[in-house]
Every structure is written in C-alpha cells, then in structure tokens.
Amino acid sequence: MALIKKLPTDPNINFMGKRKLFMAFSVLMIALSLVLVATRGLNFGVDFRGGILIEIRTSEPADLSSLRSRIGSLGLGEISLQEFGAPTDVLINIQKQDGDEKEQMKAIQLVKDELGSAVEEYRRVEFVGPKVGAELKEDGALATLFALLGIAFYIWFRFEWQFSVAALMALTHDIITTIGFFALTQYEFNLATLAAVLTIAGYSINDTVVIFDRVRDELRRYKKMEVIDVLNMSINRTLSRTILTSVTTLLALIALFVFGGEVIRGLSLGLIWGVTIGTYSSVGLAVPLLFATNVRPSIPEEEEEGLVDENGQKIELVQENDKAS
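For reference, each letter of the sequence shown is one residue, going 3 to 327 in our numbering.
Hint data in this document are derived by calculation from the structure and do not stem from the laboratory. Just so you know, not all the hints are guaranteed correct.
What the hints assert, rightly or not - Taking lysine to aspartate or glutamate and the EDC-like style, the derived pairs with C-alpha atoms no more than 20 Å apart in a straight line are: (1) K225 <-> E162; (2) K108 <-> E128; (3) K226 <-> D215; (4) K114 <-> E62; (5) K20 <-> E228; (6) K22 <-> E228; (7) K108 <-> E57; (8) K108 <-> E123; (9) K20 <-> D231; (10) K104 <-> D115; (11) K114 <-> E162; (12) K22 <-> D231; (13) K108 <-> E80; (14) K114 <-> D65; (15) K114 <-> E80; (16) K225 <-> D215; (17) K104 <-> E128; (18) K114 <-> D91; (19) K114 <-> E85; (20) K104 <-> E80; (21) K114 <-> E103; (22) K114 <-> E128; (23) K104 <-> E116.
Whole structure, please, built from the sequences with the hints as guidance.
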C-alpha cells in the first residue's frame, strides 16, 4: 500500500521525445509477427483444423513414447501427443479420417481398444469436421474485423477522426503482435484463444480511451502550449492509473496461468501478453500516432466569441448600465 502511494501522479517522463523509437520498435514487431505467421504458422486446435481430440488420464505417469508408438501403429495418419497438465494427463490429436462420421467413431474405438486398461479415464472425446473448422476460421476473422471497425466508429463519435485513426492503428498492432506471439510459442490457437484476442482489443482500447480523454481536456485547457508538450503531459498524468490497472490485471492472469491448469494455459498466457503489449501501445504508440495525424484542440463556440479565457473558464460579461449603477 505504501508503494502505491509513492507512485508519482506526474512523473514528467519525455515519452513523446522517444516516439520515433517506439514507432520503429512497433513496426519491427509487426514485421516479425507477419514473418512468423508466414513461416511457422499457427498451431490451430481441433476447433479450426478439424480432427479427433482425445484427453485421457492414466493410472501412472504416462509414457508418451510408448503411447505414441502404439497409436501410430494403427495407421490413422498424423497424430500428436502431449502432456496436459499433470503427468497422468495426455492430450491426443489425430487427423481427420477419410469418410463420414462413422469412420471417425471407428478411429476413436480403435484407439480405445489399443490403449485398453492403460487408461483410467477418458476425460474428453471431440470431433470437428474440416468444413466446420474452416467456417470457424472465417467467422473468427470477421468477428475480429467487425470488432475493430466498431471500436473505430465509437472513438470517432466520442472524440474526433484523428483519435479514431490512432486507436485503430494501435489496436491492429496489438492483434497482429498477439497472433505473432502464438506463432512463436506454438501454443494451441483455438476458439478460447480467439476470445483472448478480442478481450485484448477491449482491454487495450479502455486504456487508450482514458489517455485520449485526458488529451482532449488538456488540449482545450492549454491552447497556447505546444501540442507535443500537451500530449506528453497527458500521458504522464494518466501513467499511474495505467500502471496500477495493468499490474492488478496481470496478477490475476499470472495466477490463472500457474494454477488454472493446462486447459486455460494458452488463454491466460495470451492475455498476459495482450495486457502487456496493450499497455505499451496505449502509452508508447497510440499518442505518438495521434500526434502524427496533426491533431489540434477543438474550439468551443463560446471561445470563438471571446467568452472563455485561456484556462477554459467562462468569462462573465458585465453590462455598462450595471457598472454605472
């Protein structure tokens, strides 16, 4: 608690002076993410690529090499096995079999017969056809696109077009780098992970809107100050709030990653990355992009008529006859 109270409310860090460094770093991250997606690709889960997913629990710590050899001898095509949390939990992925649903059920039964008493419990058995997986990919991409456009329109309505452009570019940066992160780590990319990507967009825009709201107020209040100085001041005055929000969110996500089990590990890891990169983009990218759009303070009608002073305070006019009396 004492540490929180010691956080400066206006640390006066020259963020805008380093804007070119931030933007170069962001461009590099986007480029690396695109290269990773193109070369390594994403480790799509059964939700997207189709196939058979079997989660088993063995009575003793599983011998993955032995299980892989036994299932591979069945001639079911490409398979993959991985420890899923505890040493006794194993996740088996099997490619889609040629034929209809009966062929998939036949393959599942072959696996069960082969493993026999070595399996204590079948915790999950799922099958997703390739057509469904392709539709989910398309729907997921559309959901992400419409979410970004909806956020952009809201920012445009709430602020001005310059704010909307800067926010949309910063969000696009967050999503591309998050997808690149999954391409690098090869954690399974499934529907839960897609939900994490959309959650990251929502979290990041929340931070960005808070800073943008302060930017708009400060631009109106300090009309004679250089815009770059006003933007830098706005970042500094919201920095303690941004840090506290991000740190408390990360504490919860780290707990989920450590204790939540393998099922949500990819989801929680994606959110940890997303909160980190979203905080960075709100502070180091969104506001510099706003400066690049040549944003200027909007002038209220009262000020145009000379009824507002430079601090934004309304000036009361006194009639001449009132002075005489």
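Open item on the list: Taking the earlier hints as the rules, which of them does this structure contradict?
Closed with: 11
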